[in-house]
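So the sequence lines, in the order shown, correspond to chains P and V. For our numbering, add 251 to where a residue sits in the first sequence, where the first one is 1. For our numbering, add 251 to where a residue sits in the second sequence, where the first one is 1.
To be clear, the hints were calculated from the coordinates, so they are not data collected in a lab. These numbers were taken from a predicted model, which means no experiment stands behind them. Among the hints, a few may not be true.
Repeated chains share a single entry, so a pair holds when one copy, or any two copies, can fit it.
Listed below are the simulated SDA-like cross-link pairs for lysine to any residue, each with C-alpha atoms no more than 25 Å apart in a straight line [claimed, not checked]:
| no. | residue 1 | residue 2 |
| --- | --- | --- |
| 1 | Lys545 | Gly282 |
| 2 | Lys545 | Arg448 |
| 3 | Lys419 | Leu290 |
| 4 | Lys509 | Leu494 |
| 5 | Lys351 | Pro374 |
| 6 | Lys545 | Arg430 |
| 7 | Lys427 | Asp482 |
| 8 | Lys419 | Glu463 |
| 9 | Lys351 | Asp275 |
| 10 | Lys351 | Ala280 |
| 11 | Lys509 | Asp274 |
Protein chains: 2
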Amino acid sequence: MPSCRFDVLGLGNAIVDVISTADDDFLLAQGLRKGAMTLIDEARADALYAAMRPSTLVSGGSAANTIIGAASLGCRAAFIGKLRSDEAGAAFVHDIRAAKVSFSTALAEDGPATARCLVLVTPDAQRTMSTYLGASQNLSEADVDEDMVRQSAIVYLEGYLWDPPAAKAAFAKAAKIARGAGRRVALTLSDSFCVDRYRDEFLGLMRSGAVEILFSNEGELHSLYQTADFDTAIAQLRAENVLGIVTRSERGSLVVAKEETFAVPAFPVEQLVDTTGAGDLFAAGFLAGLTRNKPFEDCGRLGAIAAAEVIQHIGARPLADLRQLAAQNGIAI
Amino acid sequence: MPSCRFDVLGLGNAIVDVISTADDDFLLAQGLRKGAMTLIDEARADALYAAMRPSTLVSGGSAANTIIGAASLGCRAAFIGKLRSDEAGAAFVHDIRAAKVSFSTALAEDGPATARCLVLVTPDAQRTMSTYLGASQNLSEADVDEDMVRQSAIVYLEGYLWDPPAAKAAFAKAAKIARGAGRRVALTLSDSFCVDRYRDEFLGLMRSGAVEILFSNEGELHSLYQTADFDTAIAQLRAENVLGIVTRSERGSLVVAKEETFAVPAFPVEQLVDTTGAGDLFAAGFLAGLTRNKPFEDCGRLGAIAAAEVIQHIGARPLADLRQLAAQNGIAI
Numbered sequence: 252m253p254s255c256r257f258d259v260l261g262l263g264n265a266i267v268d269v270i271s272t273a274d275d276d277f278l279l280a281q282g283l284r285k286g287a288m289t290l291i292d293e294a295r296a297d298a299l300y301a302a303m304r305p306s307t308l309v310s311g312g313s314a315a316n317t318i319i320g321a322a323s324l325g326c327r328a329a330f331i332g333k334l335r336s337d338e339a340g341a342a343f344v345h346d347i348r349a350a351k352v353s354f355s356t357a358l359a360e361d362g363p364a365t366a367r368c369l370v371l372v373t374p375d376a377q378r379t380m381s382t383y384l385g386a387s388q389n390l391s392e393a394d395v396d397e398d399m400v401r402q403s404a405i406v407y408l409e410g411y412l413w414d415p416p417a418a419k420a421a422f423a424k425a426a427k428i429a430r431g432a433g434r435r436v437a438l439t440l441s442d443s444f445c446v447d448r449y450r451d452e453f454l455g456l457m458r459s460g461a462v463e464i465l466f467s468n469e470g471e472l473h474s475l476y477q478t479a480d481f482d483t484a485i486a487q488l489r490a491e492n493v494l495g496i497v498t499r500s501e502r503g504s505l506v507v508a509k510e511e512t513f514a515v516p517a518f519p520v521e522q523l524v525d526t527t528g529a530g531d532l533f534a535a536g537f538l539a540g541l542t543r544n545k546p547f548e549d550c551g552r553l554g555a556i557a558a559a560e561v562i563q564h565i566g567a568r569p570l571a572d573l574r575q576l577a578a579q580n581g582i583a584i
Numbered sequence: 252m253p254s255c256r257f258d259v260l261g262l263g264n265a266i267v268d269v270i271s272t273a274d275d276d277f278l279l280a281q282g283l284r285k286g287a288m289t290l291i292d293e294a295r296a297d298a299l300y301a302a303m304r305p306s307t308l309v310s311g312g313s314a315a316n317t318i319i320g321a322a323s324l325g326c327r328a329a330f331i332g333k334l335r336s337d338e339a340g341a342a343f344v345h346d347i348r349a350a351k352v353s354f355s356t357a358l359a360e361d362g363p364a365t366a367r368c369l370v371l372v373t374p375d376a377q378r379t380m381s382t383y384l385g386a387s388q389n390l391s392e393a394d395v396d397e398d399m400v401r402q403s404a405i406v407y408l409e410g411y412l413w414d415p416p417a418a419k420a421a422f423a424k425a426a427k428i429a430r431g432a433g434r435r436v437a438l439t440l441s442d443s444f445c446v447d448r449y450r451d452e453f454l455g456l457m458r459s460g461a462v463e464i465l466f467s468n469e470g471e472l473h474s475l476y477q478t479a480d481f482d483t484a485i486a487q488l489r490a491e492n493v494l495g496i497v498t499r500s501e502r503g504s505l506v507v508a509k510e511e512t513f514a515v516p517a518f519p520v521e522q523l524v525d526t527t528g529a530g531d532l533f534a535a536g537f538l539a540g541l542t543r544n545k546p547f548e549d550c551g552r553l554g555a556i557a558a559a560e561v562i563q564h565i566g567a568r569p570l571a572d573l574r575q576l577a578a579q580n581g582i583a584i
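Go ahead and model the full structure; you've got the sequences and the hints to work with.
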């Protein structure tokens, strides 16, 4: 197999996060489902924003966060996602390129604004997200740079991409090209309600061999297999014949690989501030380890280190140099 | 004197901060003066932004930060400053109103974009600022709501307002109305290079009685009196017959009031992250104390508490409820 130009390519909704603090009463008053990601339209986004406390704007998007994290761990990384040519779009492009991620998806000159995710962080550091997909809905097959996909060792796709119909086609195209070129395709389940919306399709992706690496948290896994029993869910995951990675917050993660299971502890955290991006950054560390052919335990440790960094500050993208942080913790990458 | 609708009204440049980390080499390569605020034009702002790391957007502006802090301490607060009706302008308006600050300055429909301050935070938590004044340059006398000024117990003005020529006229108008209505006028010297640009005018403001409360840090005070000797500078400040407040970072602050001087220690800080807004928030605490007729030591302690909060996270606006924080530290306000 020829060597690749990129270690990892992400496809996802290109989103700017608008983050503010909130208390549980506010979530209740706004009818928001704590901990979940809910899709909203522009009018609802405007109304919710108007009711929110002063906020911080940071580039986000689940797969984009993962790709940024992988780049911070030294991966050659690329991203495909749709923005509008507005101020938020320009900030997103600045941030992803400044993180040394290759990005060349054309910005929409008209149509809906760049996507916003209104993130409410409660005092328990839990995050509740309301997303207006805006321009990111218009990601289409035409945006999938075939050469870029072929040149990427791992193509990473977010389950959230299933929400905008055109994006699903882009997702399928990228997965097909990647498989044709002998590349690995990874999927993150994104959110338990997202799994509820697309359960059969996500299962189909694994069973058809389109996806061979699956990232999930406990809630998503329970939703995928519609069971409240963790061991049952793990047994079903093992039967899929994929590499399954299940994150369990402070209880660490499980790597389910064929007959073997590896348990990796969480990385210690001094002060939990904002859990936004925890799963995204775990995936970043794990994928970075995979591209360097690290043992699964080390991949999990890299994920734990990256996740621990991002939950100790506001925003879903790392502020520290993750490669340095990994080295300080005994993993050269 | 009739009671006031507002405890404190701020006039200042209305700015959105674009914050990223940088090392000293980057400042050197970009020819930036560490710790200072440098004015830049739009082309330079674009070039510097392109070279910066991924960034966070937070509403800023020196006097605006102070007013937000005062509101967080329970003051009835208002702000006057000029924005453009663009995305950054809309975010600034959202944030200031969400902080319960009264704001009604008309947004410019055309002309330069909303002001940006490119803030580079070095590993020592020092901040270096490059400001494109944009729309804030067009603050004019017409924007000064006379009734709002008359109805404010303290009118707080930032020295930075001296940079845009039209804003200086707005500043003078506000100061005159306030004095005419028997209100107190406070000035912050903003930056030692700003003092260097307008030394005689700032001295004139005190000596003519236009300003009766002066906020300054050590560097600004040395620049004001062109002396390297702190005691000499303090003696000269005392001779101005104003209430002088001098902040000295980790060495706390001095309140110079007629024949008396009060030294107030700094508030302990667990982790210094980003010093942006330290002076602004000190002023917020001090002014809040003044409006509640607290003894000067308590005003200084309130300033120290507010400053300590803001330097322990990214961004120049408080994330915590400062009134609660003050109460937890024994000052009911």
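One pair to classify: Lys351 and Ala280, alpha carbons no more than 25 Å apart. Within, between, both, or neither?
Between copies, since 19 Å is at most 25 Å while 41 Å is not.
Between copies, within a copy, both or neither: which fits Lys419 and Leu290 at Cα up to 25 Å?
within (16 Å within a copy, 47 Å between copies)
Taking 25 Å as the upper bound on the Cα-Cα distance, should Lys427 and Asp482 be classified as within, between, both, or neither?
Cα proximity of Lys427 and Asp482: none, with 32 Å in one copy and 75 Å across.
Within a copy, between copies, both or neither: where do Lys351 and Asp275 come within 25 Å Cα-Cα?
between (38 Å within a copy, 20 Å between copies)
25 Å Cα threshold - placement of Asp274 relative to Lys509
neither (43 Å within a copy, 46 Å between copies)
From the Cα coordinates, with 25 Å as the cut-off, is the pair Lys509 and Leu494 best called within, between, both, or neither?
within (7 Å within a copy, 74 Å between copies)
With identical chains treated as interchangeable, where does the CA-CA distance between Lys545 and Arg430 reach 25 Å or less: within a copy, between copies, both, or neither?
The answer is within: 22 Å in one copy meets 25 Å, while 71 Å across copies does not.
Between copies, within a copy, both or neither: which fits Lys351 and Pro374 at Cα up to 25 Å?
Classified as between: cross-chain Cα gap 21 Å, same-chain 33 Å, threshold 25 Å.
Checking Lys545 and Arg448: alpha-carbon separation at most 25 Å within a copy, between copies, both or neither?
neither (34 Å within a copy, 58 Å between copies)
What label fits Lys545 with Gly282 when the C-alpha limit is 25 Å: within, between, both, or neither?
Neither. Shortest intra-copy (44 Å) and inter-copy (42 Å) distances fail the 25 Å Cα cut-off.
Within, between, both or neither: Lys419, Glu463 at alpha-carbon 25 Å:
within (18 Å within a copy, 65 Å between copies)
When held up to the earlier numbered hints, the structure conflicts with 1, 2, 7, 11 and fits the remainder.
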